[in-house]
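Peer 1: Listed below are the residues making up each chain.
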Amino acid sequence: MAIYLRPASLKAALSTLAQASGKGRSAHPLTVLAGGTDIYPTRAGKQAWLESFPRDFLDITQIPQLRGIRRDGRAILIGAATTWTDIVAARLPPAFDALKQAALQIGGLQIQNRGTLGGNIVNASPAADGVPPLLALDAEVDIASVRGERSVPLASFIRGNRQTGLARDELVVAIRLPGHRASSRSLFLKLGARSHLVISIVSVAMLLDQGADGTIADIRITVGAASAVPTRLAALEAELRGERLDASLIERVTPGLFSVLTPLDDVRASSHYRRAAARILVRRALANFMEPQVEEVAA
Amino acid sequence: MAPYIGTATSRIDGIAKVTGAAKYAAEFNVPGLLHGSVVTSTIAKGRITRLDTSAAMRVKGVIDVLTHENRPPMADNDQAYKDDVAPPGSPFRPLYDDKIKFNLQPIALVVAETSEVARFAASLVTVEYEEVAHVTDIFAARDAAVPIKPPASPVGFTPPKARGQPNRALARAAVRHEGEYYVPIEHHNPMELYGATVIHESDGKLTVYDKTQGVQNVQRYLCGVFGMKPEGVRVLSPFVGGAFGSGLRPQFEAVLAVLAARALERSVRVVLTRPQMYALGYRPAMVQRIALGADADGTLDAIAHDAVTATSQFEEYFRQETGWSGLLYKCANAKYEHKLARLDLPTSCDMRAPSAPTALFALESAMDELAVALELDPLELRLRCYSERDQNHDRPFSSKALRECYRQGAEAFGWNKRNGAPRSMRDGSELVGWGMATGIWEALQMPITVRIALTANGSAEVACATSDIGTGTYTIMAQVAADMLGLPLENISIKLGDSTLPNSPVEGGSWIAASVSNGIATTVAAVRNELLELAKKVPNSPLANAAPDEVKLADGMIVDERDGSRSVSIADAMRHGGVERIEQEETTNPTADDSRARNTHSAVFAEVKIDEEIGVIRVTRVVSAIAGGRVLNTKTASSQILGSVVWGIGMALHEETLIDHKLGRVMNANIAEYHVPVNADVHDIKVIFVHEHDDSNPLGVKGLGEIGIIGVAPAIANAVYHATGKRVRDLPITLDKLHP
Ligand SMILES: Cc1cc2nc3c(=O)[nH]c(=O)nc-3n(C[C@H](O)[C@H](O)[C@H](O)COP(=O)(O)OP(=O)(O)OC[C@H]3O[C@@H](n4cnc5c(N)ncnc54)[C@H](O)[C@@H]3O)c2cc1C
Numbered sequence: 001m002a003i004y005l006r007p008a009s010l011k012a013a014l015s016t017l018a019q020a021s022g023k024g025r026s027a028h029p030l031t032v033l034a035g036g037t038d039i040y041p042t043r044a045g046k047q048a049w050l051e052s053f054p055r056d057f058l059d060i061t062q063i064p065q066l067r068g069i070r071r072d073g074r075a076i077l078i079g080a081a082t083t084w085t086d087i088v089a090a091r092l093p094p095a096f097d098a099l100k101q102a103a104l105q106i107g108g109l110q111i112q113n114r115g116t117l118g119g120n121i122v123n124a125s126p127a128a129d130g131v132p133p134l135l136a137l138d139a140e141v142d143i144a145s146v147r148g149e150r151s152v153p154l155a156s157f158i159r160g161n162r163q164t165g166l167a168r169d170e171l172v173v174a175i176r177l178p179g180h181r182a183s184s185r186s187l188f189l190k191l192g193a194r195s196h197l198v199i200s201i202v203s204v205a206m207l208l209d210q211g212a213d214g215t216i217a218d219i220r221i222t223v224g225a226a227s228a229v230p231t232r233l234a235a236l237e238a239e240l241r242g243e244r245l246d247a248s249l250i251e252r253v254t255p256g257l258f259s260v261l262t263p264l265d266d267v268r269a270s271s272h273y274r275r276a277a278a279r280i281l282v283r284r285a286l287a288n289f290m291e292p293q294v295e296e297v298a299a
Numbered sequence: 001m002a003p004y005i006g007t008a009t010s011r012i013d014g015i016a017k018v019t020g021a022a023k024y025a026a027e028f029n030v031p032g033l034l035h036g037s038v039v040t041s042t043i044a045k046g047r048i049t050r051l052d053t054s055a056a057m058r059v060k061g062v063i064d065v066l067t068h069e070n071r072p073p074m075a076d077n078d079q080a081y082k083d084d085v086a087p088p089g090s091p092f093r094p095l096y097d098d099k100i101k102f103n104l105q106p107i108a109l110v111v112a113e114t115s116e117v118a119r120f121a122a123s124l125v126t127v128e129y130e131e132v133a134h135v136t137d138i139f140a141a142r143d144a145a146v147p148i149k150p151p152a153s154p155v156g157f158t159p160p161k162a163r164g165q166p167n168r169a170l171a172r173a174a175v176r177h178e179g180e181y182y183v184p185i186e187h188h189n190p191m192e193l194y195g196a197t198v199i200h201e202s203d204g205k206l207t208v209y210d211k212t213q214g215v216q217n218v219q220r221y222l223c224g225v226f227g228m229k230p231e232g233v234r235v236l237s238p239f240v241g242g243a244f245g246s247g248l249r250p251q252f253e254a255v256l257a258v259l260a261a262r263a264l265e266r267s268v269r270v271v272l273t274r275p276q277m278y279a280l281g282y283r284p285a286m287v288q289r290i291a292l293g294a295d296a297d298g299t300l301d302a303i304a305h306d307a308v309t310a311t312s313q314f315e316e317y318f319r320q321e322t323g324w325s326g327l328l329y330k331c332a333n334a335k336y337e338h339k340l341a342r343l344d345l346p347t348s349c350d351m352r353a354p355s356a357p358t359a360l361f362a363l364e365s366a367m368d369e370l371a372v373a374l375e376l377d378p379l380e381l382r383l384r385c386y387s388e389r390d391q392n393h394d395r396p397f398s399s400k401a402l403r404e405c406y407r408q409g410a411e412a413f414g415w416n417k418r419n420g421a422p423r424s425m426r427d428g429s430e431l432v433g434w435g436m437a438t439g440i441w442e443a444l445q446m447p448i449t450v451r452i453a454l455t456a457n458g459s460a461e462v463a464c465a466t467s468d469i470g471t472g473t474y475t476i477m478a479q480v481a482a483d484m485l486g487l488p489l490e491n492i493s494i495k496l497g498d499s500t501l502p503n504s505p506v507e508g509g510s511w512i513a514a515s516v517s518n519g520i521a522t523t524v525a526a527v528r529n530e531l532l533e534l535a536k537k538v539p540n541s542p543l544a545n546a547a548p549d550e551v552k553l554a555d556g557m558i559v560d561e562r563d564g565s566r567s568v569s570i571a572d573a574m575r576h577g578g579v580e581r582i583e584q585e586e587t588t589n590p591t592a593d594d595s596r597a598r599n600t601h602s603a604v605f606a607e608v609k610i611d612e613e614i615g616v617i618r619v620t621r622v623v624s625a626i627a628g629g630r631v632l633n634t635k636t637a638s639s640q641i642l643g644s645v646v647w648g649i650g651m652a653l654h655e656e657t658l659i660d661h662k663l664g665r666v667m668n669a670n671i672a673e674y675h676v677p678v679n680a681d682v683h684d685i686k687v688i689f690v691h692e693h694d695d696s697n698p699l700g701v702k703g704l705g706e707i708g709i710i711g712v713a714p715a716i717a718n719a720v721y722h723a724t725g726k727r728v729r730d731l732p733i734t735l736d737k738l739h740p
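Chains as they are written, first to last, in this note's numbering: chain W, 1 to 299; chain V, 1 to 740.
Honestly, the hints are just simulated from the structure, not real lab data. Warning: the hint list may mix true and false statements.
Capping the alpha-carbon separation at 20 angstroms, the derived lysine to aspartate or glutamate pairs in EDC-like fashion look like this [as the list claims (entries may be wrong)]:
hint	chain 1	residue 1	chain 2	residue 2
1	V	K726	V	E613
2	W	K46	V	E673
3	W	K46	V	D660
4	W	K46	V	E116
5	V	K101	V	E315
6	V	K737	W	D265
Distance windows between CB atoms, simulated [what the hints assert, rightly or not]:
hint	chain 1	residue 1	chain 2	residue 2	range
7	V	R172	W	A287	48 to 56 angstroms
8	V	E27	W	A287	51 to 59 angstroms
9	W	V152	V	K726	42 to 50 angstroms
10	V	G242	W	P54	32 to 40 angstroms
11	V	E27	W	E51	54 to 62 angstroms
12	W	G45	V	P72	27 to 35 angstroms
13	V	Y386	W	P255	46 to 54 angstroms
14	V	E27	W	N161	38 to 46 angstroms
15	W	V152	V	A672	26 to 34 angstroms
16	V	K662	W	P54	26 to 34 angstroms
Simulated coverage check for chain V against chain W, where a stretch passes if three residues somewhere in it have a Cβ under 8 angstroms from a Cβ of chain W [claimed, not checked]:
hint	segment
17	39–53
18	654–668
19	676–689
20	725–737
Glycine included, every Cβ here is placed at the ideal spot set by N, Cα and C.
Kindly produce the complete structure, drawing on both the sequences and the hints.
Peer 2: As structure tokens, then:
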């Protein structure tokens, strides 16, 4: 039967991973286990089909440096095994509001207590709610293995539906959020078929930095669940950057700027609906920044 | 002593439930208990050609793997597998042979020392099949659907006979509405997983703890399937964590656990996984066509109601899907047709108010559409068509306070402030819609036997083999017994959920409250008579000349009803007679009088607020006004209605069993993807019980377990129409259906 390992140090974890990815170590693939909230449903799904899910597990939740949030120069580092509940509780600048709002809408409290940021990005679901806010923050992924360390932009780390650029012997150590302005604000809107405990039909994260003159100094807009990988709307961002933040901007959020999205037709919603809803949520997010006193969140 | 009947008495089993002292079927333990894990088919139809259990057998801790090839003997005729509530046909036989009749069908049971080992080893069983083409889509089977045969048994269901000249009436109607309505398959999803713990006693007898709504049904069924003597099997189900109809028929967890216990002569537990529970019954998908014709003033003149519902290839499950309008609306001309579509799925089964929520989704949506066509307030239309008689059988109702439901419900809701025009009401950026619908269900009573044992110290035990499926049966039994025996509630103990207790039907059809409460009344009368005989023998008895129906039991006394000062204490009467314990057992049969229709009714009013751009619907208010006869316990009764309304919200907006028709398999066989409302989807719900006197049984009880769900989905769908101007005729009303 499966082997269950729970190393207490990163070094031990990495060497175990290195050995397992080498030849002839074990019959079962060694799988990194954080909160298990994606792995468990995957396994249950397989079992329902009489498919076994033979895995050895490397539990990373006892490695101290993988959990927690800290500064690294101008960047903020979030350990890969940091839970959503940790993120909600942390004191973070307004640029992270979107990430906190996403954290509060991931599953229920029990899932938020177990589920981790690292698990969410490595699982690489198109509907992963943590990803749009992180893409809006220009997140980078810190990766380690016995071969060394590397850092890659999240945008290129996730390569497709449930595909990442992680090698067999590598571990995600942290998510690195490079410098952001103190004046940046952010927002996350999630749309699902019920008001909670639901896989997103579409989600939007928006980060906005308004210059002293009232114009948009920087804006980043990401749409989740409407493409294989949550997608930044670069053309729309370019369209809005440098403009005055006022009601006239809403009209400039035109359907053509959403053509990069490739939403699916599935049981959760039609592709047509997803595309339309993405645009509506983006417009609402933008409108929300015009009325900072009003907190509006999609149901 | 204040009466308990009619009060908000808290559940007498509440503390046991919240502290975990209440044990459910899969929680009973004995040393050496083995654990079974079920292996299920991955095809929908065909034959097993090879079943390799060798890898599973090699796992340490595995005791055996039972399949159709090595199982102990089971009955070989349909009759043995027919349970008390089986529909016509040839019941499914678990692990019987190599035939696959539906996806997720149990095909092997791995028995091991721990549940973890059993589950792991189950994943190592490999199966090869010879597949045959299957059909799981009701729309694909619709054209081949056949009209249901009139049932042989009188309790069967059949569409009512046509009346008048419906075709002609439809053709000449000034205003007509015709529409097709669809409700998908829904699954019960009770919180408690299906499980059975079978204890192999030292004398070879079996004690079976099973999750069921009918212990005696399961007991008889197991005796039939395994050719066991009745005294060799005892079935218990002291607590049930919800069942909603899925536990009316014996389910395969009990068969598999008994099979293993007999094969291995050991105690065995089998618990199904959540996905495996999607291989139990379900509410059948239903396609309906309704045509209504009316005069310009709203007088209904013609109704045609056709339904196609789904069943399996081997049994014919159906209920009263088409006849409800004959009870609700006065209409001289009507016709009904009900066809069954056979699918390669398990047999559909009862789910809370079987047939009515689905049938009334169509009927009450159609009535709303007719009201729109007539430019009439939908409530006004219903009042104009109000029926004082059951037109299906041309007879009056035993009671029908539906008019009062409409009145009180409308008033509590504020219906008179409704602007009838669609899209006319707003709250900020949201569209507001108000809709209403009617509900109707049966008020049934069944034969039941109740035993009461009264001891001289003033405590009583009330016993009956019924179940409490979470509805509050323990509590209402205690309330009724306490009031009638004149004892404090805490002196009453209730025994139920045990096949050795006096006879009870399964707990379903909303009939247990009426059956068991009147059953208690009958047995109490026998206890009272015996007490009176004893009381008369007390020296200088003040009751020497009293007749049985002139005395009652109150405050621990036998009291002359005409003169309260004439009384003898129960304790004295028993002590003087040298009796420590009085035990009576009586069977109560419901009245055989068929001259009146017996139904419960409801009026449901719903408010929705809709985010117009993206179609997000919130059901912000529901008022449910119920006419359900005498309410025994306002607290548990309200809970029944509240839970039903929540389920109705789910039916309207969320619930749908999705089948991949290529694979013939449920895609969302788990409660993450089979959506029901979460707490945040449920807002203000108000329950009103209108006064309704009914003399069909001495206590005037009608039953409230099911009426609450009926009418909720159409009330919401009608509100959605009112808010948006968009009519959704296929449930659930998902966001994208409202999108342009
Ligand atoms: C009921 C329920 C509701 C949910 N609701 C939502 C929701 O609303 N929104 C949403 O986005 N998600 C949701 N999820 C999915 C899940 O909770 C999240 O994606 C969560 O963040 C996953 O984290 P985890 O630590 O549990 O991952 P795990 O299951 O432990 O791991 C997921 C994957 O990541 C890998 N992995 C984990 N950590 C690392 C690491 N440091 N380095 C390398 N690989 C790693 C694992 O090997 C595995 O492949 C839900 C899940 C459940 C069960």
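Peer 1: Does each hint hold? Answer for all of them.
Peer 2: Hints, verified against the model:
1. This hinted pair checks out: K726(V) and E613(V) have alpha carbons roughly 13 angstroms apart, not beyond 20 angstroms.
2. For a cut-off of 20 angstroms, the pair hint linking K46(W) to E673(V) stands: about 15 angstroms separates their Cα positions.
3. The straight-line distance between the Cα atoms of K46(W) and D660(V) is roughly 16 angstroms, inside the 20 angstroms bound, and the hint therefore holds.
4. Pair hint K46(W) plus E116(V) holds up; C-alpha atoms about 16 angstroms apart against a cutoff of 20 angstroms.
5. For the hint linking K101(V) to E315(V), the alpha-carbon distance of about 11 angstroms falls within 20 angstroms, and the restraint holds.
6. With a CA separation close to 13 angstroms, the supplied pair K737(V) and D265(W) stays within the 20 angstroms bound.
7. Judged by the Cβ atoms, the range 48 to 56 angstroms given for R172(V) and A287(W) holds: they are separated by roughly 55 angstroms.
8. Between E27(V) and A287(W) the beta carbons are some 53 angstroms apart, a value that agrees with the proposed interval 51 to 59 angstroms.
9. Between V152(W) and K726(V) the beta carbons are some 47 angstroms apart, a value that agrees with the proposed interval 42 to 50 angstroms.
10. The given range of 32 to 40 angstroms is respected by G242(V) and P54(W), whose C-beta atoms sit roughly 35 angstroms from each other.
11. Separated by about 30 angstroms at the C-beta atoms, E27(V) and E51(W) break the suggested range of 54 to 62 angstroms.
12. Separated by about 33 angstroms at the C-beta atoms, G45(W) and P72(V) satisfy the suggested range of 27 to 35 angstroms.
13. Take Y386(V) and P255(W): their Cβ atoms lie about 51 angstroms apart, and the range 46 to 54 angstroms holds.
14. Between E27(V) and N161(W), the C-beta spacing of about 41 angstroms keeps the proposed range 38 to 46 angstroms intact.
15. Here the CB-CB span from V152(W) to A672(V) is close to 31 angstroms, well matched to the stated 26 to 34 angstroms.
16. For the pair K662(V) and P54(W), the supplied restraint of 26 to 34 angstroms holds, since their beta-carbon distance comes to about 28 angstroms.
17. With 3 residues carrying a beta carbon less than 8 angstroms from a beta carbon of chain W, the segment 39–53 of chain V meets the three-residue requirement, and the given coverage holds.
18. With 4 residues carrying a beta carbon less than 8 angstroms from a beta carbon of chain W, the segment 654–668 of chain V meets the three-residue requirement, and the given coverage holds.
19. With 5 residues bearing a CB less than 8 angstroms from a CB of chain W, the segment 676–689 of chain V meets the requirement of three and the coverage assertion stands.
20. Only residues whose beta carbon comes within less than 8 angstroms of a beta carbon in chain W count, and the segment 725–737 of chain V has 3; three or more means the coverage holds.
In terms of the numbered hints stated before, the structure departs from hint 11 and from no other.
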